[in-house]
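Student: From first to last, the protein sequence lines stand for chains A and B. Quick note on my numbering: the first sequence kicks off at 1 and runs consecutively. Quick note on my numbering: the second sequence kicks off at 1 and runs consecutively.
Hints were generated in silico from the structure; no laboratory data involved. A portion of the hints provided could be inaccurate.
Reference listing, derived: stretches of chain A covered by chain B, where coverage requires no fewer than 3 residues with Cβ under 8 Å from a Cβ of chain B [as the list claims (entries may be wrong)]: (1) 334 to 346; (2) 374 to 385; (3) 402 to 416; (4) 431 to 444; (5) 465 to 471.
The beta carbon of each residue, even a glycine, is placed where N, CA and C say it ideally should be.
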Amino acid sequence: MKSTQLFAAPEAARRDDAKRAARRAPVLIAFAVLFALPLSRDARAQDTDRPDPQFSNTPAPTYVIRGARIVTVSGADIENGSIVVSGGRISAVGASVSAPAGAQEIDARGLTVFPGMIDLGTNMGLVEVSGGAPGSVDSQELGEINPNISAIWSINPGSSHIDVTRVAGVTSVLSMPSGGTISGQAAFINLAGSSPREMAVVPQAALVVEFPRIGGGGGFAAFLAAQQGITQDALAQRDRRVEELRRLLRDAEAYGRAEDAYAKDPKAVPRPETDLKLAALVPYVRGERPVIFRAEREREIRAVVRFAEETRLKPVIIGGSDAWKVAPFLKDHNVPVILDSVLNLPLREDDAYDALYENAAKLQAAGVRFCISTGDSGAHVRDLPFQAGMAAAYGLPKAEALKAVTLYPAQVLGVADRVGSIEQGKLANLVIADGDMLEPRTNIRYLFINGRQIPLVSRHTILNDQFKDRK
Amino acid sequence: MKRLLTLAFLLTLACAVASAQTRGGQARAGGAAQDTLIRNATVLTASHGALPATDVLIRNGKIVAVGQNLKAPEGARVVDATGKFVSPGIIDPHSHSMMDGSVNECTKSVTSMANTRDILNPTAIDIYRELAGGTTAALLLHGSCNSIGGQSTTVKLKWGHPAADYPVPGAPPGIKFALGENPKRSNFNVPGLQGRYPATRMGVEETIRDAFMRARDYRADWDDYRARTARGEKNLIPPRRDLELEPLVEVLEGKRYVHSHCYRADEILMLMNLADEFGFKIRTLQHVLEGYKVASEIAKHGAMGSTFTDFWGYKLEAYDAIPYNAAIMTRHGIVTTVNSDSDERARRLNIEAAKTMRYGGLTEEEALRLVTLNPAIQLGIDNRTGSIDVGKDADIVVWSAHPLSVYSHPELTFVDGELLFDRQADIARRPALEAERKQLEQAEANRAPAQGGTPPRAPGAIRRAYADDDDKQDVEDNQR
């Protein structure tokens, strides 16, 4: 099989998805029963003939959102504008647009429309309850080198994290595997849909690498070496693992060339023996898709950037606690950073108390490409706006803070042609709120994902409704 | 070993730099509280609404006046807070900050003899970081390892002061209880580690019941002894003092607050029933993530609730947690607070409070009270702190913007009138600290041997307390 086919969501993958869907049918029915009551109640409250977004294999309706302040993020704000949503996309936006006949009208006077927020650092749908329920944890595979595993196949569309997160205005996330050296491939998903396939924007969007570091990854031996303070051994362990990674990437390049040669002339060239790990790496070693490296400290960041340049990868740093220290370096090398540590405690006891609050502002001032992420497995991804807000409390301009959770993550991942701002042609992932989306006191009034109106119902609103008036 | 010592040297360096920061804190504190007039702020009192364009006068560590056009006493520091906001200092009713080493005495199911007050580390950098987030006081709790844990300490974050200055004078004593997964150790099963009773919620109930039956008997023994002594009986042998049971007797007598970690509705009801049976009250239910399911029962028992705003799902018993919990409990008449249980979250409890306006529709003042006046009530220190009222301790934060806005940050934090955090001073001090760090790194003693430092002294052979031929023989025998 050609590697290019393998990654273009081919027929095989679709068949696989169908099989999974069949296996999951009883679960879906159970889910439907569980949520039938609150969903239908909500549907009555909002509009009655809207198709249920949980089962969205129906044509997306047409909406016109009127009278809103529109924060496009990519361009100027529109003080009193309208947006037409049809076929899942933003089909028009402006101060005055003509709505197609039959469009459902959303009166958004006094409200503000924002693009849905995006978090690139999650394990959404891979972990339900991290403590005490190992059966619900699918984020970390055994083994060190797992480029051939993909988050998209294990994302649970029924996870309560998904509805809890989207009603807070986060409409898309990157869901990443973790652990090992090469953790696997991350999926970029919308937080709506009844199957991973429906949710997927880019099923295999990035490769996740835990760059070898002392005491991190590399299994028990590396851990032990670092714990015992055996510096030379720990260094040697790390170097050996970096070398293994380098060799693997070279092999993947060679594998890609062999595949191409075979494709060009299958009669003369012997068919390369299939290697799923190498095949999975081909688009990444060709720089076609980003590789996300976890790196926090100055030295790790520099090492990752040098390694990625040497191996001709397209690197993205996730973590970046010390990125402010190497801002000019990151700028020079044009390497973007997913900051998932705004609210972390400073790395060192003697760091300034606001070192990580200020990190984003310093990167922005230095012209480094960055975005803000919660780095949370799923349950707390809804805090994304407040992390951006905290960065703004410590120097990041407010408009930049908003971009840091909308347009910038889309650009960092290379999906800004589809999401991240309110522009004609982009997916209609829209949040309509009664105030600044980054403020905790703001209420979200309407939510659209993939052009479908999503009820503002979650496991939490259901439990709230059930108990709030209990005597 | 040599490598270990190098590591030790690096640690020493880290400590040296950290203590430099500590000294900075002391210098900043400037000794006794200077009188201060904060001018023209929006004052969020937490007790009687928001006061626009208002002055607050601090003298001798107390709030002595709140009003317009107040006069600054001679020598007073004057803060122009035009456009800024003043709030009471935030009180974190569930903290483990500055607790040196482990917060859990985990070896027994009842460790009421252990006391958090014995392990306060006044140089923990978290204190300063929390002051920089507007937090001025905290309830330091023992961990949740056992059904009945150790005694708690109510402190003000008196950065730059010795440990003895931290506990709030006159604050009622407390003790930690814990229910559910943690005391039954269900998420802490390490292969090879022996289990510990209890391992079920049934066992947790029984452990607490057993302890209070013993405490009741113990009190009866002492009552009996005292009565007989009072009657003039001679040569009586007093009961043996029991440091485990004494704090529980105080609980039975209403002299010590019970702060109980709990999650599920069933265990919340269990504890309140048990307390009712023994005739005491639970002061606060901590976490109480399913409090919203049994809010009426909690209100009826008279317990208060201290919860997370929206932290959930990290274990099974936290899976039904909802961010509306604080609002539902508040609406049921429960004095409710939001806590951190985290050195990180303790730096931004204002934002945790603000979220309850979205989740449950609390008003501004109700939200602010969750982290100011209400925790003061829960800890029994509302007579002296928790709101901006004349006569209370000057525990005050000056914010750059409304503290319920995510865009705000503290500019100044006062504890007992002492300015313990000043953002501008902190920023101004950074170049000097950076230079000091560089200098320390260059110091001969702090350089690794490879960079020209003196190799650390290797320890000699292990010294024995005594040595004789028998010992030598023992060693040889052992080696065989």
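Student: For every hint, state whether the structure bears it out.
Tutor: Each hint, compared with the structure:
no.: 1; hint: 334 to 346; in the structure: holds (count 4)
no.: 2; hint: 374 to 385; in the structure: holds (count 6)
no.: 3; hint: 402 to 416; in the structure: violated (count 0)
no.: 4; hint: 431 to 444; in the structure: holds (count 6)
no.: 5; hint: 465 to 471; in the structure: holds (count 4)
Of the numbered hints given earlier, the model fails hint 3 alone.
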